[in-house]
Structures are given as C-alpha cells and as structure tokens.
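Participant: Sequence:
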Amino acid sequence: MNLDGDGQADLVYHGGKDKAVCVYSYDHYPYWERVLKRKLAYAAFGENLTVKGIKEEEICIGDIFQFGEAIVQVSQPRQPCHKLAKKHNMKDLPLLVQKTGFTGFYFRVLREGWVAQDRGLRLLHRHPLGITVAFANQIMHHDKKNLKGIEQILAVKELSESWRNTFLKRLRES
16 MNLDGDGQAD LVYHGGKDKA VCVYSYDHYP YWERVLKRKL AYAAFGENLT
66 VKGIKEEEIC IGDIFQFGEA IVQVSQPRQP CHKLAKKHNM KDLPLLVQKT
116 GFTGFYFRVL REGWVAQDRG LRLLHRHPLG ITVAFANQIM HHDKKNLKGI
166 EQILAVKELS ESWRNTFLKR LRES
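Each residue of the sequence shown is one higher than the one before, counting from 16 in our numbering.
Since the hints were derived computationally from the structure, they do not count as laboratory data.
All clues stand as given, with none of them false.
Label pairs and their calculated CB-CB ranges:
#, residue 1, residue 2, range
1, R134, K70, 13 to 23 Å
2, D133, E166, 35 to 45 Å
3, T115, T181, 14 to 24 Å
4, R126, K160, 35 to 45 Å
5, S189, L139, 29 to 39 Å
Only pairs whose alpha carbons sit at most 25 Å apart, straight line, appear in this in silico DSS-like list of lysine-lysine:
#, residue 1, residue 2
6, K98, K114
7, K70, K102
8, K102, K67
9, K159, K106
10, K70, K54
11, K114, K163
12, K184, K32
13, K32, K172
14, K159, K70
15, K52, K70
16, K114, K67
17, K163, K184
18, K98, K52
19, K163, K70
20, K52, K106
21, K159, K172
22, K52, K101
23, K54, K114
24, K98, K67
25, K52, K67
26, K102, K114
27, K101, K54
28, K54, K106
29, K172, K70
30, K159, K114
31, K98, K54
32, K54, K102
33, K172, K160
34, K114, K101
35, K114, K184
36, K98, K70
37, K184, K172
38, K184, K159
39, K114, K52
40, K32, K70
Where a beta carbon is used, it is the ideal one built from N, C-alpha and C, also for glycine.
Between the sequences and the hints, there should be enough to build the whole structure, so can you do that?
Facilitator: So, in structure tokens, the structure goes:
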C-alpha cells in the first residue's frame with residue numbers, strides 16, 4: 016500500500032504493510048545542507064512525505080495520525096540504506112544519518128483515504144508506552160546490548176515485524 020503516484024524503488028527492502036509511507040522531517044534539512052554543502056529539495060532523503068515540526072524524539076512507535084482521509088500509524092524508525100549514499104554521493108551518509116538519529120520513520124496504513132499536499136498530520140492517539148522513534152534508534156544502533164530497552168520496545172505490539180525480529184534475536188543471543 017503506497018501513496019498513489021508514489022512508490023518504492025526497491026520492494027525487497029522498502030514498502031510493505033509496515034513501511035507503506037516513509038516520513039522525514041524537514042526540520043533536519045538545514046543540518047544536512049551544511050553537511051552536504053548544498054541546498055536540498057523536498058524528498059532529498061527518499062521520503063514519501065516531508066513534514067515540518069515533527070522529530071524522532073517527539074513521535075512514538077504506535078502513534079496514530081490522520082493524514083487527509085487516511086489513518087496511519089508509526090511502525091518503526093527508518094534505516095537509511097546505500098541508495099541514500101549514492102543519491103548524495105557520500106559513502107558514509109547512511110551511517111551518519113544513524114549517528115545523528117535523524118532517520119525519519121515509517122507509517123503503516125490503517126485506513127486508506129485521499130490525502131492532499133497541503134494537509135497536515137493530526138495526532139489521533141499517542142501510544143501509552145511512549146517509546147519514541149529516537150529511543151528505538153538509540154537501542155537499535157548505539158546501545159545494542161541494553162536488554163531492558165529492548166524489552167521496552169518489544170512491549171509495543173505495533174512495532175514492525177522486521178524490527179521485532181531483530182530485537183528478539185538480540186534477546187536470544189544475549
């Protein structure tokens with residue numbers, strides 16, 4: 016399920032029910048413009064939806080938003096891939112994105128509907144466990160052996176299947 020007129024280039028690693036819409040904050044663009052030493056156009060990070068005023072430390076896995084007529088839910092942080100490096104001709108860009116925590120996140124679609132470019136997101140439900148995208152990124156990429164953190168993230172039943180599997184594997188191997 017995608018936004019009509021938009022899609023993913025690589026359906027092996029992108030898209031699917033848990034990664035239907037890639038969201039990235041325009042608030043991070045000034046930082047990346049300094050790093051990349053050039054002005055960036057919308058969707059410079061391969062996102063389907065560029066938003067303002069929404070950052071990883073403010074969004075929780077499982078949060079539900081209205082987007083036009085559609086209802087969407089945060090499923091996981093985004094993991095930048097080699098395509099981002101290629102697009103910006105910077106080999107270590109995906110790692111740098113992980114380091115900064117400016118990853119963006121994915122929506123799954125709970126209810127399809129028409130959306131318009133000028134329609135904002137409206138928070139309908141904040142997930143009660145409050146596991147932010149930033150916290151999930153921290154545990155996934157930097158504090159990988161934090162078993163308590165892993166268990167907190169796994170308590171969010173709305174977490175994507177791929178992230179759930181990764182964290183379950185870490186628990187088994189600990």
